[in-house]
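There are 2 protein chains.
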Amino acid sequence: MQGYILKIAYKGTNYCGWQVQPEKPTVQATLQKAITESLGVAVCLTGCSRTDSGVHAKGFVALVTGELPDISKESLPLAINTKLPEDISVLEADYADEDFHPRYSAKGKEYIYKIRNSRIRDPFENDFEWTFPKHIDVEYANELCQELVGRHDFKAFMAAGSKITDTVREIKYFNAERNGDEVIFRVAADGFLYNMVRIMVGTVAHAAAGDKMMPIRDILASLDRANAGITAPAKGLTLNRVFY
Amino acid sequence: MQGYILKIAYKGTNYCGWQVQPEKPTVQATLQKAITESLGVAVCLTGCSRTDSGVHAKGFVALVTGELPDISKESLPLAINTKLPEDISVLEADYADEDFHPRYSAKGKEYIYKIRNSRIRDPFENDFEWTFPKHIDVEYANELCQELVGRHDFKAFMAAGSKITDTVREIKYFNAERNGDEVIFRVAADGFLYNMVRIMVGTVAHAAAGDKMMPIRDILASLDRANAGITAPAKGLTLNRVFY
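As you go down the protein sequences, you meet chains A and B in turn. When you line the first sequence up against this note's numbering, it's residues 1 to 244, in that order. When you line the second sequence up against this note's numbering, it's residues 1 to 244, in that order.
Heads up, a few of these hints could be off.
Copies of the same chain look alike in the list, so a pair counts if it fits in one copy or across any two.
Simulated pairs of lysine to any residue, SDA-like, Cα-Cα distance not exceeding 25 Å [said to hold, decoys possible]: (1) K58 with S105; (2) K33 with C44; (3) K24 with R119; (4) K134 with S75; (5) K212 with R50; (6) K107 with M213; (7) K172 with R151; (8) K155 with I120; (9) K172 with L144; (10) K163 with Q19; (11) K114 with G59; (12) K134 with L91.
It is worth saying that the hints were derived from the structure and are not from the lab.
Can you build the whole structure from these sequences, using the hints too?
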């Protein structure tokens, strides 16, 4: 074994994403510090994904390596959690095989995006959802989502300025569900481009609320970010699961 | 009509309760300022209850009086909400009869108390629940709750030092429900003493987790706060409804 695999949940509101950045609060830096404080050793942490500032995670996967003491996988989460702030929790730990890499071993990821489809914010859920006042036709939203499922070049749904050149990805499923005022999008793919989920949700939400938009097929074919809709706010997005 | 009745939801985390206090952030002061900014007039606000620092509300009722402009009850919430911070929302408004008083007209209130019954905090729900590691036997918790239902002198379940002399209240219902790791208490009464819900929940949770405790009937009969359990933390408590 090369170390431990941690499954982590965090509320991203007060962090500039996962990845360590100088002078900024990040989940990686906070977790690294907590592990060092609880285990008394310096460790190296590798995450399954960068997440953007303000994005949340329920099933984030990280690999811990270094001169680790002999500690059971059952005790490790509890030990680390005592040193973590209230917005990050280690949910479980496991032993990592030699060839495991949180990012390169991943076969896919699932994200959830929450919308409060109301003119009135919900103060309880506000950190985790986008308040969107125009009524979303969820049946129509699902038709639009369906057009994005499959293997496509998603260049039009990638943040402008991103330097990635291979922009083909395969979406396994993408759907929307209404629960009272809440509309929840769920999407899984073998990988995602920068801001891809947020641009897809921004596009589908506005189109399904009756706003003028180019047909999804034409947006895809154009490979031009300018034809897609707005980037939905970070706070509605949660990295829900990573598939291995 | 004497003014407007507002139904308000707020996340209490960053407030020292409802009631205006000098130099401290309170929901009443924040709402008063937002109303003045949106309507351009000074108003008087009367709440249905004081709530403690950190306690939340989903159905708080407040009366607005003063030199109010002519505005429909449909438009009023939206006008005020544009000036409110994200942790307070006016859910709806109605016209108030001359004899309505948010506190004295109330026939009862319902509170909800949320416990995360786990050794691991949920970062998403942490602002709204008490993380309690020992397993709670919910069936037994319900038996204990049942012994508190009815008309009793609840002096033993009132914060020590409280100056109220009439400590008899009638609990209409009090029960616990498990939802996975979550245990949710729901209680309604004609009125509540200071910290009463939090002391009842602290007592029942510990007793139902197997901690040594005097029988509920004996605690009630003793009229002595020292015999009840701990006061559960404020953050798990939500004022859910007010009955008129």
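Evaluated hints:
| no. | hint | verdict |
| --- | --- | --- |
| 1 | K58 with S105 | within (19 Å within a copy, 44 Å between copies) |
| 2 | K33 with C44 | within (11 Å within a copy, 49 Å between copies) |
| 3 | K24 with R119 | neither (34 Å within a copy, 29 Å between copies) |
| 4 | K134 with S75 | between (48 Å within a copy, 16 Å between copies) |
| 5 | K212 with R50 | neither (33 Å within a copy, 48 Å between copies) |
| 6 | K107 with M213 | neither (32 Å within a copy, 52 Å between copies) |
| 7 | K172 with R151 | within (9 Å within a copy, 58 Å between copies) |
| 8 | K155 with I120 | neither (34 Å within a copy, 40 Å between copies) |
| 9 | K172 with L144 | within (15 Å within a copy, 49 Å between copies) |
| 10 | K163 with Q19 | within (18 Å within a copy, 53 Å between copies) |
| 11 | K114 with G59 | both (16 Å within a copy, 23 Å between copies) |
| 12 | K134 with L91 | between (37 Å within a copy, 17 Å between copies) |
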